[in-house]
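K.L.:
Residue strings, one per chain:
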Amino acid sequence: MKHLSDDDVTKGLETLCQSFQPSATQKENSRRHIFQPNHRKKGFHIQSWLPTIVSIVVLFTIGIGIFVLINNESYMGAGESTGNGALITDVTASWDRALLSQTSTTSPTKFEIIFSKDSLVIYDRFQDVGAAYTPDLDQSFEEAFAKYKIKESPLVVGEFTEYRVVKKNNDMYTIEVTGKQRFTYTLKKVAPRKFVGEEGIEYSTGTYVE
Amino acid sequence: MSSEKWFDDYFDSVYSYILLQVKDPHTAEDLTQETFLKVFRNEHQFKGQSSIKTWIFRIAYTTTMSYFRKKNPLTYFIDLNMLKDDTSPEKIALLNSQQKQFYEALGGLKSSYQQVIILRRIQGFSTIETSSILNWSEGKVKMSLSRALAAFKKELEKGGFSNEALIR
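Heads up: the sequence lines are chains D and E, in that order. Numbering-wise, the first sequence is residues 19 to 228 according to the working numbering. Numbering-wise, the second sequence is residues 7 to 174 according to the working numbering.
One or more of the hints may lead you astray.
[To be verified] Pulled from the structure, derived: some chain E residues nowhere near chain D, Cβ distances all over 12 Å: (1) 19; (2) 22; (3) 35; (4) 51; (5) 52; (6) 57; (7) 59; (8) 68; (9) 72; (10) 137; (11) 144; (12) 145; (13) 146; (14) 150.
[Said to hold, decoys possible] Within a straight-line C-alpha distance of at most 25 Å, the following computed BS3-like cross-link-like pairs (lysine-lysine) qualify: (15) D:135 to D:207; (16) E:44 to D:29; (17) E:59 to D:29.
Read the hints as simulated data drawn from the structure, not as lab findings. Treat the numbers as computed from the prediction; the structure is a model and nothing was measured. Glycine residues also receive a C-beta, built at the ideal position from the N, C-alpha and C atoms.
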């Protein structure tokens, strides 16, 4: 048995190739398909649209998420910028029916601050009862205690209809009274129901506030 | 040269080149059409650095490889015979015994050997043209052809084929 030469192989392959030529019909069909004017128009293929559809669904979900977050925030109070990047939130609604009572005894005051939907009422119970008690301190006591004296409270006793409570940095609350007797008073939350006023007076409340 | 002229001149050879690999006339027809659509869309990119036939065959090669990659990624990357089981029975029935043995021997080779034999020995491309189509070095084309032919003869002889059996 003689082995095949390269020429034999080439001839055999050429013969084989002749059997793999397209028919005239196949060629004509292909020509028609390729050269018809609208052959480049593509039909709707779900595979090619899949990334777009997925992107739309993701965007839609993100949109709903943002919408829910915004709505939730407006329920708690709309956020606004302070200008230095910090966000302040109006929490007046959450403070409705809250009562802050002074617990510290380092000042000649006994404040009670009552928050309601329509008004803010500030009492100083010490003025009511303390006026009767006026200790007769001599000059030397006055001088000795001067440096330990708590500074004057900016709180104004009375009833105010125009006010709001704003929250800043999670633990700072400012009572803003507008109108004729405008003043502000800042409280720092030191425990869930304990606050310290800007002059150092301590308060507690029976209810949890936002 | 117009697009239609390219189609007339090279459709048959592109079709047979693809059919010998994919072994299914319908797939071969689709891939040949896809090849020519790519040729016409990218006509402006042809700079004349090779012959037009080489450029068209380069597109046919990438189109066919892309088909195999999508169809069977694993066998594509490990360079095995890709579509051994997809042989069209109608086509086989039309082949004479010699052609059948050649066809089966060719189908028994790994993909890179099939490529180099089809391009160099069937389509008649030179070593340089084959290296452009396959994006191989000329040295690799020569070495692969030599090994592919040896493997091809071995396959033929394994099937009991000798030069006495050749139909002259």
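K.L.:
All hints, please: hold or fail.
P.N.:
Now the hints, each set against the structure:
1. 19: Non-interface label on residue 19 of chain E violated, nearest chain D Cβ at 9 Å vs cutoff 12 Å.
2. 22: Non-interface label on residue 22 of chain E violated, nearest chain D Cβ at 4 Å vs cutoff 12 Å.
3. 35: violated, 6 Å
4. 51: Non-interface label on residue 51 of chain E holds, nearest chain D Cβ at 17 Å vs cutoff 12 Å.
5. 52: holds, 17 Å
6. 57: holds, 19 Å
7. 59: holds, 15 Å
8. 68: holds, 18 Å
9. 72: Check passes; 15 Å lies beyond 12 Å.
10. 137: holds, 19 Å
11. 144: For residue 144 of chain E, whose nearest Cβ neighbour in chain D is about 19 Å away, the distance exceeds 12 Å, so it holds.
12. 145: holds, 19 Å
13. 146: With a cut-off of 12 Å, residue 146 of chain E remains clear of chain D, as the shortest Cβ separation is near 19 Å.
14. 150: holds, 15 Å
15. D:135 to D:207: It holds: about 22 Å lies between the C-alpha atoms, which stays within 25 Å.
16. E:44 to D:29: Roughly 32 Å between the alpha carbons, so the hint for residue 44 of chain E and residue 29 of chain D is violated.
17. E:59 to D:29: holds, 22 Å
Violation of the numbered hints given earlier is confined to hints 1, 2, 3, 16; the remaining hints are satisfied by the structure.
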